[in-house]
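Each protein sequence line maps, in turn, to chains A and B. Just so you know, we're using the numbering used here here: the first sequence kicks off at 15 and counts up by one. Just so you know, we're using the numbering used here here: the second sequence kicks off at 15 and counts up by one.
You may find that some hints are simply not true.
Put simply, identical chains are the same to the list, so a pair is met inside one copy or across any two.
Below, in silico cross-link-like pairs of lysine to any residue (SDA-like), each with a Cα-Cα straight-line distance of 25 Å or less [as the list claims (entries may be wrong)]:
hint : residue 1 : residue 2
1    : Lys414    : His81
2    : Lys35     : Val284
3    : Lys259    : Phe475
4    : Lys236    : Val317
5    : Lys76     : Met456
6    : Lys76     : Arg458
7    : Lys313    : Pro406
8    : Lys457    : Glu80
9    : Lys414    : Gly191
10   : Lys229    : Ser365
11   : Lys335    : Asp41
12   : Lys236    : Val447
13   : Lys44     : Lys335
14   : Lys138    : Lys421
15   : Lys414    : Gly23
16   : Lys76     : Glu142
17   : Lys375    : His81
18   : Lys336    : Thr39
19   : Lys259    : His413
20   : Lys313    : Val284
21   : Lys114    : Asp256
22   : Lys19     : Pro234
23   : Lys280    : Thr190
24   : Lys259    : Gly175
25   : Lys259    : Ile383
26   : Lys336    : Ile401
27   : Lys229    : Gln26
Source of the hints: derived by calculation from the structure; they are not laboratory data.
Number of protein chains: 2
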Amino acid sequence: MSYMKVTSGFVQALAAIVGEKNVLTGDERKAYSRDESTGPVAVMPDVVVRPENTEAVSRIMKLANEHGIPVTPRGAGTGLSGGAIPIAGGIVLSLERMNKIIEVDRDNFCATVEPGVTLIQLYKAAGEQGLYYPTYPGETSATIGGNVATNAGGMRAVRYGVTRSFILGLQAVLPTGEVIETGGKFVKNTSGYDLTQLIIGSEGTLAIVTRVLIKLTLIPGKSEILFIPFPTLKDAIEAVPDILKAGVLPVGIEFMEKDIIQMVEKFTGVSIPMHDRNAFLMVMVEAETDEQVQATAEKIGDVCFGHGADDVFLPPNAQAKKELLEAREKFYPTISHFGMLELVDIVVPRSKIAEFVAQSKQIATDMGINLVAYGHAGDGNVHMHPIGERTPEVEAKVHKLLVELYKVGMAMGGAVSGEHGLGIAKRDYFLGVADPARVELMKRIKTAFDPRGILNPGKLFDRPGKAS
Amino acid sequence: MSYMKVTSGFVQALAAIVGEKNVLTGDERKAYSRDESTGPVAVMPDVVVRPENTEAVSRIMKLANEHGIPVTPRGAGTGLSGGAIPIAGGIVLSLERMNKIIEVDRDNFCATVEPGVTLIQLYKAAGEQGLYYPTYPGETSATIGGNVATNAGGMRAVRYGVTRSFILGLQAVLPTGEVIETGGKFVKNTSGYDLTQLIIGSEGTLAIVTRVLIKLTLIPGKSEILFIPFPTLKDAIEAVPDILKAGVLPVGIEFMEKDIIQMVEKFTGVSIPMHDRNAFLMVMVEAETDEQVQATAEKIGDVCFGHGADDVFLPPNAQAKKELLEAREKFYPTISHFGMLELVDIVVPRSKIAEFVAQSKQIATDMGINLVAYGHAGDGNVHMHPIGERTPEVEAKVHKLLVELYKVGMAMGGAVSGEHGLGIAKRDYFLGVADPARVELMKRIKTAFDPRGILNPGKLFDRPGKAS
C-alpha cells in the first residue's frame, strides 16, 4: 500500500475542521512520535490533529480516506507495543480533548465516557456514585480508548476478566467516516455480529472509538493482600491451580522471584518483607465482609503451606498494603532502569506457567542472556524481560531468544500477547507463529472496515507502506 | 445471490466424504426442514449431510463452495428464530454426530467439546469433575454449537453473563473450507482480532464451529429461590435496580404476571404458590454457605418489602424448589399451547423494563391483541407473546404490533434480540430499525468470511436467494 503526502492544503482543511490551534505541524509533534515501548523507535507524524467531538473525527476520516493519508489514533501514548507510533507518517489523531465523562448511570451500573478519559478519571467518577471499574491495567494515566484498543488486562483478571469483559457498547468512526453505534446498556444481545467485541483489541486498525459504554459494579466491601514465600518458583506456581480448586476466587495471583524483588528494593529504596526468599505469590482478595476475606485468606494459606510455603505475610496496616502493591507496580520502571532490552507478554494455560518459565529461563541461560520473569500466575500471562546493555550483537541474540520463546509458548497452547497488544513490537513475531489462514482472514476483515488501508497501517499483521 | 442446484453427482461426492448412510435425500430430510420457532415455516433441504469430524466438514465446505451450493449448519434444531431452516435449499450440514466431550481440564477449569454436545451432556461431564457450566438457556437438549451460534442467554445472566462470557476459543471451518483455531485456555489475549467473539452470535453465517473451548467454574455451594408477590408489575420491576444496588448479585431475576402463572397451572396441573397475586419476581441466589445465602435472601426481602411486596416465599424443600423452577421453564410450551402467535425477545436497559412493558401492553390493548409478557428483569431481556387464533387478519395485526414494539424498544436504547438470535424470524424487523451503515459493515464482514455467500444464506440481514 502506498500513501499520499500531507500537503499544506490538506493541513488547512484539517484546521477548518478542528481550528488552527488543534493542528500541530511543528516541534510539538515530537510528543506524538512514540509510546512507552522499549527501544529507539520513533516516527514523526506529518501532522497532529486534535478533534473535540465525533463529528470532527468523522470529517477528518472522510478527508483522510479521500486523500489516501494514513491516520494513527492515539490516547495517552502509554502503550508498550508501539501501537500509537505513526510508522507510515501522515496524521496522528489524538483523542486527548475528547475526555468527558458523559454519564454515570447508577440504575444500570454503567458509565458512558469519551475515549480520552483516563483510568484515574473513570475510577474517581464511578467511585463518587458508589460504583467501581474493576479492571486495573496498572497505568492509571492510560485512556479508556487505549484500554479498549489493546483489550488491556492487568492484575485483577482472575476474578474480573479484562477490558473486553466490561465494555457494553461503543460509538466508533469507520475509516471511511461513517459513525456506528454498537451494543447498549445490557449484557444479553444477539442482534447481528458483535462489532463491540470485534473492535475491542483491534488496536485502532478497524475504527476510531469515540464513545465507550462501560459496565460497572458496586465497590467491594473489603480487600486483603497475601504475600507468600516459596522455596522455588515451581512450588509457587504449582500452588495456583490448587488455590482456585479450593473454591476461592481471588482478584489476582501474581508470581515473582528474588531477583526482581531485590531490584525493586534498590530502585525504590523501599524494603520488601521476606526479600531473601526465592519465590513469591502475591494474592489479592476481595469480599463483602471481613469474615469472608479472612475465611478466603485461610483457605489460600492452607493450600500454599501444602505446596511448601513457609509463611503467609499479611500487611499489618493500610500503609504496608499500599507499599506492597506499589512495589509490584514498580516492576516495569525498575526493569527499565536496569536495562530492559525487550518485553515478552506471552499468555499460556495457567497449568503450564511453571514449565514455560523454567524452559524459557533455560533457553536464555544457554544463550548467555539474563531473563527476569514475573507475571499473572492466575491468568497465565507471563512477563519476561531480557536485561543488559544494548549492543547490536545483544539485540540480535535477544531477537533469537524471543523467536524461541514464542515457539515454546505457542507449543504449550499459548498466545503471543496477553495484554499489551501486537502493535509493531510483536507484529513480526506474531506473523512468525500465526496460522496463515487466520492472518488472511484478519486481513480481509481489515479491508471490510478500511478499504484503502489508511487506519493505523503497519500494525498487527500489516507490514508498513511508505509515503509515495 | 443465485445458487446452483444439487445434482446426483454432487450427492455422490458428499457420500464419498461421509459415507452413504450419512447423506439423506429421502423423507428423513423432513426432520431437518425447520426448528422450534412459531409459525408454519419449513423448507426441505435438497440433501442432509452428517459429518463426523472437522476434516469432513472442511471437505464438504470446499465442495459446496466450489459448486456454489448453500449450506445451513444445524445443531439440535431447538432454535426459536429459524436460524437452522435451509431457506435457500441446498445442504443441511447436521453436527449431530460430532458429539464428543474431548476433555474436561480441571487444572485450567475448562472443557473442550464438539459442537453437537448437548447442554445436558456438558453439565453432566463437568459435574463429574466437580466443575460447572453456569449458563442455563433452559432447553438442555440444545447443542453447544447452537448456543455458540445464537450467543444463548437464559435465566442466569445477571450473575454469570451469557454464552459469550464462557467461550475461550473455537475451532471453525470457513465457508471456503479452511480450518482456523481461535483463542485458548486463557482469558487474557490481545493477539489480533478476536475471531472467537466475532463467530459467537453469528448464527452460523460466518463459519461452522467444529470444536468449542468452554470456561467452567466450581460448583456453587448453596442456592435458593425467592418467589415474591407484588401489587403491580411496575412495583415488581422497579424493585430490581434496588436489589442490585443493595450489594447482592443474584444469579437471575425473573418477572411474571398472574396471567402466565394461571396459564401454567392450567397447562401443567401443578399449583403455584400465591397464584392469585398480580405480579411476581423470582430471584435465584447462589453462594458458598447457607449463611451467605440467608444474608442475601434477607437483603433482597428488605428491598422488595420497601417496594410493596407483601410476602417472600421460599420453597420449603427441594421438591417445592424444583416445581417452582419447572413452572418457570414451562412458560414457553404453555404459551405455545394457548396459541402463541409470535415471540418477542427485545432487550432494553433494566431501568426501562417497567416502562417498556407498560407501553407495549398499552399498544397491544389499543390494537385489540392479548399480549403476555414475562422475562429476565435482571438483565433487561423481555419476552412478549401475542396469543390468540392465527388468521391472516390477526397475523397482519400482529406484524403491525411488532413493528411498533421494536420501535419503542429501540427508542429506549434496546436491541432486537436478547438471546434467540435474528435468524429469519427477526431479520426484517431488524432491518427495519438497524442503522444502514452498521448493516453494510456486517455485510462486508460476511463477505470477508464467505465470498460466495453460501453459508446459511437468508439470515440476519440477508434476504434469500433462489436456486438457479
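Hint check against the structure, violated hint numbers in rising order: 1, 2, 3, 7, 9, 11, 12, 13, 14, 15, 16, 17, 18, 19, 20, 21, 22, 23, 25, 26, 27
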